[in-house]
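2 protein chains.
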Amino acid sequence: MERSIAPRKGRLVFGEFRKIVEEGFERYLAPNHDCPARLRESMRYSVEAGGKRLRPVMVLLACEACGGNPTDAIPAAVAIEFIHTYSLIHDDLPAMDNDDLRRGRPTNHKQFDEATAILAGDGLLTLAFEILTRDIKNADVAVACVLDLASAAGVDGMVGGQMADLQGEIAEMADASQDGGTVDPESGQTGADEQCEQTGKVLQLEAIHLRKTGRLLRSALTMGGRIAKADKNTVEMLDHFGKCVGLAFQIADDLLDITGDEAKMGKGVRKDAELGKLTYPGLLGLEESRRRATSLIDEACRSIEPLGDRGLRLEALARFVLERDH
Amino acid sequence: MERSIAPRKGRLVFGEFRKIVEEGFERYLAPNHDCPARLRESMRYSVEAGGKRLRPVMVLLACEACGGNPTDAIPAAVAIEFIHTYSLIHDDLPAMDNDDLRRGRPTNHKQFDEATAILAGDGLLTLAFEILTRDIKNADVAVACVLDLASAAGVDGMVGGQMADLQGEIAEMADASQDGGTVDPESGQTGADEQCEQTGKVLQLEAIHLRKTGRLLRSALTMGGRIAKADKNTVEMLDHFGKCVGLAFQIADDLLDITGDEAKMGKGVRKDAELGKLTYPGLLGLEESRRRATSLIDEACRSIEPLGDRGLRLEALARFVLERDH
Numbered sequence: 195m196e197r198s199i200a201p202r203k204g205r206l207v208f209g210e211f212r213k214i215v216e217e218g219f220e221r222y223l224a225p226n227h228d229c230p231a232r233l234r235e236s237m238r239y240s241v242e243a244g245g246k247r248l249r250p251v252m253v254l255l256a257c258e259a260c261g262g263n264p265t266d267a268i269p270a271a272v273a274i275e276f277i278h279t280y281s282l283i284h285d286d287l288p289a290m291d292n293d294d295l296r297r298g299r300p301t302n303h304k305q306f307d308e309a310t311a312i313l314a315g316d317g318l319l320t321l322a323f324e325i326l327t328r329d330i331k332n333a334d335v336a337v338a339c340v341l342d343l344a345s346a347a348g349v350d351g352m353v354g355g356q357m358a359d360l361q362g363e364i365a366e367m368a369d370a371s372q373d374g375g376t377v378d379p380e381s382g383q384t385g386a387d388e389q390c391e392q393t394g395k396v397l398q399l400e401a402i403h404l405r406k407t408g409r410l411l412r413s414a415l416t417m418g419g420r421i422a423k424a425d426k427n428t429v430e431m432l433d434h435f436g437k438c439v440g441l442a443f444q445i446a447d448d449l450l451d452i453t454g455d456e457a458k459m460g461k462g463v464r465k466d467a468e469l470g471k472l473t474y475p476g477l478l479g480l481e482e483s484r485r486r487a488t489s490l491i492d493e494a495c496r497s498i499e500p501l502g503d504r505g506l507r508l509e510a511l512a513r514f515v516l517e518r519d520h
Numbered sequence: 195m196e197r198s199i200a201p202r203k204g205r206l207v208f209g210e211f212r213k214i215v216e217e218g219f220e221r222y223l224a225p226n227h228d229c230p231a232r233l234r235e236s237m238r239y240s241v242e243a244g245g246k247r248l249r250p251v252m253v254l255l256a257c258e259a260c261g262g263n264p265t266d267a268i269p270a271a272v273a274i275e276f277i278h279t280y281s282l283i284h285d286d287l288p289a290m291d292n293d294d295l296r297r298g299r300p301t302n303h304k305q306f307d308e309a310t311a312i313l314a315g316d317g318l319l320t321l322a323f324e325i326l327t328r329d330i331k332n333a334d335v336a337v338a339c340v341l342d343l344a345s346a347a348g349v350d351g352m353v354g355g356q357m358a359d360l361q362g363e364i365a366e367m368a369d370a371s372q373d374g375g376t377v378d379p380e381s382g383q384t385g386a387d388e389q390c391e392q393t394g395k396v397l398q399l400e401a402i403h404l405r406k407t408g409r410l411l412r413s414a415l416t417m418g419g420r421i422a423k424a425d426k427n428t429v430e431m432l433d434h435f436g437k438c439v440g441l442a443f444q445i446a447d448d449l450l451d452i453t454g455d456e457a458k459m460g461k462g463v464r465k466d467a468e469l470g471k472l473t474y475p476g477l478l479g480l481e482e483s484r485r486r487a488t489s490l491i492d493e494a495c496r497s498i499e500p501l502g503d504r505g506l507r508l509e510a511l512a513r514f515v516l517e518r519d520h
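So the sequences go chain by chain: A and B. Counting along the first sequence from 1, when you hit position 316 you're at 510 in our numbering, and nothing is skipped either side. Counting along the second sequence from 1, when you hit position 26 you're at 220 in our numbering, and nothing is skipped either side.
Fair warning: there could be bad hints in the mix.
For chains that are exact copies, the list does not tell them apart, and a pair is met inside one copy or across any two.
DSS-like, lysine-lysine: derived pairs with alpha carbons at most 30 Å apart [claimed, not checked]:
(1) Lys-331 - Lys-471
(2) Lys-471 - Lys-304
(3) Lys-423 - Lys-331
(4) Lys-331 - Lys-304
(5) Lys-331 - Lys-426
(6) Lys-331 - Lys-395
(7) Lys-213 - Lys-471
(8) Lys-423 - Lys-471
(9) Lys-423 - Lys-246
(10) Lys-304 - Lys-395
(11) Lys-426 - Lys-395
(12) Lys-246 - Lys-426
(13) Lys-423 - Lys-395
(14) Lys-213 - Lys-246
Simulated from the structure, these hints should not be mistaken for lab results. Here the structure is a predicted model, which means the values were calculated and not measured.
Whole structure, please, built from the sequences with the hints as guidance.
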């Protein structure tokens with residue numbers, strides 16, 4: 195009974211928790227004497243641009259699911275969103291992805307200028323670690339959170355993933371696929387003897403996404419668990435949940451690029467195909483991609499069953515990843 | 195007796211300690227599976243470009259001066275140099291200071307490309323916090339070090355200072371000085387009724403440098419003290435030492451820009467005047483600037499007298515700041 199109403203409960207809490215973390219952003223970006231006004235404005239501009247706040251809300255939900263007080267997780271929630279935001283600001287720069295629009299508004303370097311955008315990113319990244327160590331009162335927990343977040347965001351994680359992406363690892367895979375192994379996204383048809391090659395490519399694609407977006411999402415879950423003083427097994431369980439949800443999220447993103455509504459997305463769609471990027475639908479077809487995402491979310495939800503009812507809101511958020519339309 | 199041979203001892207240790215921290219850099223930038231090779235090369239390129247290693251050596255010396263084992267301070271020493279290096283990589287970018295040369299070699303974005311340079315900077319910054327939390331074994335000390343370093347490097351410190359500099363605060367001050375208050379650097383002549391205005395400008399110039407370079411240097415000292423489990427008063431004493439040395443270092447830098455040898459410096463000299471930047475010699479004249487730097491170093495050394503003989507090597511390093519020719 196309780197279980198069946200979880201999505202509704204989840205959605206409700208999602209909005210409440212989003213409000214809590216957004217109030218946190220404001221507090222941490224309030225004017226102060228030493229930060230130049232334009233720099234602060236630039237950081238606020240990108241942080242306040244919105245987005246789903248998936249990562250910070252996951253921090254609070256993971257903390258709650260482990261019996262902790264979600265309020266204690268606000269510093270970690272703010273820190274992870276600041277790191278996510280910095281990565282978007284730097285990724286949008288002309289030397290990187292060269293994007294003019296983000297969530298329907300000019301990107302940071304378009305609204306301000308490149309130097310300000312670089313420094314706003316540097317500032318948000320650094321502020322994340324300042325917040326964790328200033329406001330998480332238990333030193334062991336603070337250390338574990340900084341380590342989770344820094345290793346997820348760093349050269350072995352997100353920064354390394356962005357570098358690999360820029361170096362064209364995904365594009366190269368797409369080129370190599372011209373000879374076979376990919377399918378028509380609409381029909382999903384592929385030859386039987388190409389299935390093995392395809393599996394290898396899916397694994398490769400997954401490996402890149404695990405670094406570029408997956409590691410950071412996982413750290414949202416593990417930080418939430420650590421703040422609730424969860425034991426090692428529970429933190430590992432949350433980590434696995436985050437890994438599955440992260441991959442499903444990426445597949446959903448690839449699907450939205452094909453089927454999504456530009457107005458709702460606040461950014462251009464069907465860009466992946468134009469850029470010749472390898473995507474899950476490109477490799478597996480639409481239907482199989484949807485099946486795979488669903489099966490990953492099922493795996494995620496199964497993995498946190500030991501949390502019992504306390505895990506229901508996390509489950510609901512995982513399901514939302516599949517249902518979202520932007 | 196002991197006191198009079200300090201500079202010689204200091205110089206010896208400086209070289210030894212530099213070697214220790216440079217071995218640390220290598221260890222932390224060793225190849226691993228997850229970091230793309232080009233990204234790691236780019237980070238190594240800038241870290242290995244050399245420099246005086248003033249900040250990391252100060253971490254070790256401060257630790258030693260407080261009775262700690264300098265080896266314990268290696269993670270913090272590596273972390274602060276990585277942050278210093280990231281700031282140089284980003285400052286050199288075309289959108290920022292647009293420099294082609296750094297320490298006699300092409301800047302990172304010239305040697306690699308802009309995207310790689312941005313990511314190498316992001317990677318080094320993030321790695322610094324990973325190192326502190328992975329390898330400082332005492333959690334309270336690790337938290338204090340992350341907080342020292344992040345607040346020194348962030349928007350209220352180094353990043354904010356760079357923003358203020360880019361926004362032309364220093365240049366504006368120089369413009370405003372056209373009417374009076376500045377002196378001919380060679381003669382040091384100025385009118386008596388302009389002295390008050392001059393004092394105000396020196397304080398303003400100091401305020402910018404305290405943010406842009408001073409805060410980071412101070413965190414080298416406080417981290418070293420914290421690792422040695424120094425008490426609060428001692429950490430504050432080290433902080434004041436760092437503040438004085440940082441300002442003297444900046445004055446020495448301004449002086450070297452006028453009197454320095456381009457080959458030894460590994461970068462263009464007399465750029466400040468060309469760029470119309472306000473400098474200490476421009477405000478105070480050469481002689482008064484030298485006097486001011488000497489008096490700051492004297493104040494620094496007096497402030498750590500309570501450390502007794504254990505502080506002699508720190509003193510020697512402070513004196514080196516004045517004597518250096520590059």
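Hints and how they fare:
Taking the shortest alpha-carbon separations for Lys-331 and Lys-471, neither the intra-copy value of 44 Å nor the inter-copy value of 44 Å comes in at or below 30 Å. Taking the shortest Cα distances, Lys-471 and Lys-304 sit within 30 Å of each other both inside one copy (25 Å) and across copies (28 Å). For the homomeric pair Lys-423 and Lys-331, the shortest alpha-carbon distances inside one copy (13 Å) and between copies (19 Å) are both at most 30 Å. Taking CA atoms no more than 30 Å apart as the test, Lys-331 paired with Lys-304 passes in neither setting, with 39 Å inside one copy and 44 Å between copies.
Proximity of Lys-331 and Lys-426 under a CA criterion of 30 Å is satisfied in both settings, with 20 Å inside one chain copy and 19 Å between copies. In this assembly of identical chains, Lys-331 and Lys-395 lie within 30 Å of each other by CA distance neither inside one copy nor across copies; the values are 45 Å within and 41 Å between. In the homo-oligomer, the alpha carbons of Lys-213 and Lys-471 never lie at most 30 Å apart, since the shortest distance is 35 Å inside one protomer and 46 Å across protomers. For the homomeric pair Lys-423 and Lys-471, neither the shortest alpha-carbon distance inside one copy (41 Å) nor that between copies (53 Å) is at most 30 Å.
For a Cα distance limit of 30 Å, the shortest separation of Lys-423 from Lys-246 inside one copy, 27 Å, qualifies, whereas the shortest one across copies, 43 Å, does not. Taking identical chains as interchangeable, the C-alpha atoms of Lys-304 and Lys-395 are never at most 30 Å apart, the minima being 36 Å within one chain and 34 Å between chains. Taking the shortest Cα distances, Lys-426 and Lys-395 never come within 30 Å of each other, neither inside one copy (33 Å) nor across copies (56 Å). Taking the shortest alpha-carbon separations for Lys-246 and Lys-426, only the intra-copy value of 29 Å comes in at or below 30 Å, while the best inter-copy value is 43 Å.
For the homomeric pair Lys-423 and Lys-395, neither the shortest alpha-carbon distance inside one copy (38 Å) nor that between copies (52 Å) is at most 30 Å. Within a single copy, Lys-213 and Lys-246 get their C-alpha atoms as close as 11 Å, which meets the 30 Å cut-off; across copies the closest is 48 Å, which misses it.
Checked against the numbered hints listed earlier, the structure breaks hints 1, 4, 6, 7, 8, 10, 11, 13; every other hint is satisfied.
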